[in-house]
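A.B. asks: With the hints as constraints, model all of the structure from the sequences given.
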Amino acid sequence: MSALRGYLRSDGRKGIRNTVAVAYLVECAHHVAREIALPWREDGVHVIGFPGCYPNSYAETMLERLCTHPNVGAVLLVSLGCESFNKYALERAVRASGRPVKTLVIQGTGGTRASIAEGRSWVESQRLSLDDQETVPMAISELVVGTVCGGSDGTSGITGNPAAGRAFDLLIAEGAACIFEETGELIGCEHIMAARALTPELGLELERAVAKAARYYATLGYGSFAAGNAEGGLSTIEEKSMGAYAKSGASPISGLLKPGDIPPRGGLYLLDVVPDGEVRFGFPNINDNAEIAELIACGAHCVLFVTGRGSVVGSAISPVVKICANPETYRRMADDMDVDAGRILEGRASLDDVGREIRDLVLGLASGGATRSETLGHQEFVLTYKSFEPIGPACLPAA
Amino acid sequence: MANSETHDGRLILLDPRDNVFVARVRLAAGETLETGAGAARLDRDAPLAHKIARRAIAAGETILKYGAPIGVATQAIAAGAHVHVHNLRSDYTPTYHLEDERQPGAGS
Chain G
1 MSALRGYLRS
11 DGRKGIRNTV
21 AVAYLVECAH
31 HVAREIALPW
41 REDGVHVIGF
51 PGCYPNSYAE
61 TMLERLCTHP
71 NVGAVLLVSL
81 GCESFNKYAL
91 ERAVRASGRP
101 VKTLVIQGTG
111 GTRASIAEGR
121 SWVESQRLSL
131 DDQETVPMAI
141 SELVVGTVCG
151 GSDGTSGITG
161 NPAAGRAFDL
171 LIAEGAACIF
181 EETGELIGCE
191 HIMAARALTP
201 ELGLELERAV
211 AKAARYYATL
221 GYGSFAAGNA
231 EGGLSTIEEK
241 SMGAYAKSGA
251 SPISGLLKPG
261 DIPPRGGLYL
271 LDVVPDGEVR
281 FGFPNINDNA
291 EIAELIACGA
301 HCVLFVTGRG
311 SVVGSAISPV
321 VKICANPETY
331 RRMADDMDVD
341 AGRILEGRAS
351 LDDVGREIRD
361 LVLGLASGGA
371 TRSETLGHQE
381 FVLTYKSFEP
391 IGPACLPAA
Chain P
1 MANSETHDGR
11 LILLDPRDNV
21 FVARVRLAAG
31 ETLETGAGAA
41 RLDRDAPLAH
51 KIARRAIAAG
61 ETILKYGAPI
71 GVATQAIAAG
81 AHVHVHNLRS
91 DYTPTYHLED
101 ERQPGAGS
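In the order they appear, the protein sequences are chains G and P.
Counting with the numbering used here, you get residues 1 to 399 for the letters of the first sequence.
Counting with the numbering used here, you get residues 1 to 108 for the letters of the second sequence.
Hints may contain errors.
To give a feel for the contact side, a few chain P residues facing chain G, derived at Cβ under 7 Å [to be verified]:
1. A49
2. H84
3. Y96
4. H97
Hints in this document: simulated from the structure, not taken from any laboratory.
For glycine and all other residues, C-beta sits at the position ideal for the given N, C-alpha and C.
C.D. replies: Structure below.
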């Protein structure tokens, strides 16, 4: 395998991609943003954004972390003009990170056509200079890797999820930071998980996070469980949880993060994605891509996505590695899948074999490799309203 | 995966404490399965990775998979029977599923 290379950013982090992010700051600017990015849809220009017009500090933190993500080299903000999103603060934060940034205000530029023309001309010049940027050597210990499962079925917890867990264990032993999430799919696993925390106080925080998720979903009346999960043989949320939990591997848990918190060092982290306080804005994550965006906002260079039923999604900003748990699904959808973990079920590979294959694939993404979803042009992105309190002092004990 | 010399090779026993197997392949209603404690007849089609009762399970009994509780039997379940949303409920939140009339039983 060739050596890892990254793009060095002013905060010391390194990116494995050098993307121009075009961020719309309200749905009314979404079309213009999409049109600006269109000529580069396969060439490193990604659209992200927030559709709401009301202020929300979670959404502002998310977009700030995404616009200053190590995989991003330059940022174009697209504002209608009258929305409540604080475009001034976001532009300041991106500028302070050393990245080129421009805010396009459609109402000031003169409408759709003029804004698209001005945006494209700026993106073109940024793309040219980013293409010339040199990479520097990068260590495995500088990597942040997230994991999520979606379209889970009865195979997920037997093949794909534990194989992703083995990959996490290998990467953590080599110094990387790895993040698992979706506390609504850890219901029933809270005690065994808490026993793996670095400190008893962190263990309590992990249990509290799952209890919060259980309350939240009980209020909403649905668990984090889709109809397809049942079709795939999962009967209850606790059964799905036991399978999802296997993604975390066997390493000690070093900390609890909330969306946008960057892991301070290597190790295993739980991302608490369920909002704090009373139930206000609906479901914690309306779909898998909302979770992927939160992992990326925590600095994830790439995301391991385990699917049984067969998800096709990718993401803006960071590559998504598709691990197919179900051998029948793999045979139908091989073109969308990076890893055939269903081999384990058919006795053609061990969990350790597939875990090592995933680890090698992750490192390959930092030395010229691309995922299937990247090659197919997937750049899904979704961001909705939420509210969080900051993490408590017990959440990040010193190693 | 725990190995057992005695049960059907088409079934996976994930943990010795479990009272359910996982189907390694698609199984059809009427097939005879070796549970390790005698032969049993599968009552419904069981697609890949669905659960099969390892022994007779009483109504109200906890279902164990991965050695962990995953819910409670809502009715008596015979050895070799399909275990799913029709005879197993969550201790946390009810399970949402869809029924496809073209493939009766696929969703449940």
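A.B. asks: Does the closest beta carbon of chain G sit nearer than 7 Å to the beta carbon of P:H84?
C.D. replies: The hint holds - P:H84 has a Cβ within 7 Å of chain G, the shortest such distance being about 5 Å.
A.B. asks: Under 7 Å is the threshold here; is the Cβ of P:A49 close enough to any Cβ of chain G for the hint to stand?
C.D. replies: At 3 Å from the nearest chain G Cβ, P:A49 passes the 7 Å test, so the hint holds.
A.B. asks: Is the interface hint for P:H97 satisfied, with its Cβ closer than 7 Å to some Cβ of chain G?
C.D. replies: Hint holds; P:H97 Cβ to chain G Cβ min 4 Å, cut 7 Å.
A.B. asks: Under 7 Å is the threshold here; is the Cβ of P:Y96 close enough to any Cβ of chain G for the hint to stand?
C.D. replies: At about 6 Å, which falls below the 7 Å cut-off, the nearest Cβ of chain G leaves the hint on P:Y96 intact, so it holds.
In summary, the structure agrees with every hint in the numbered list given earlier.
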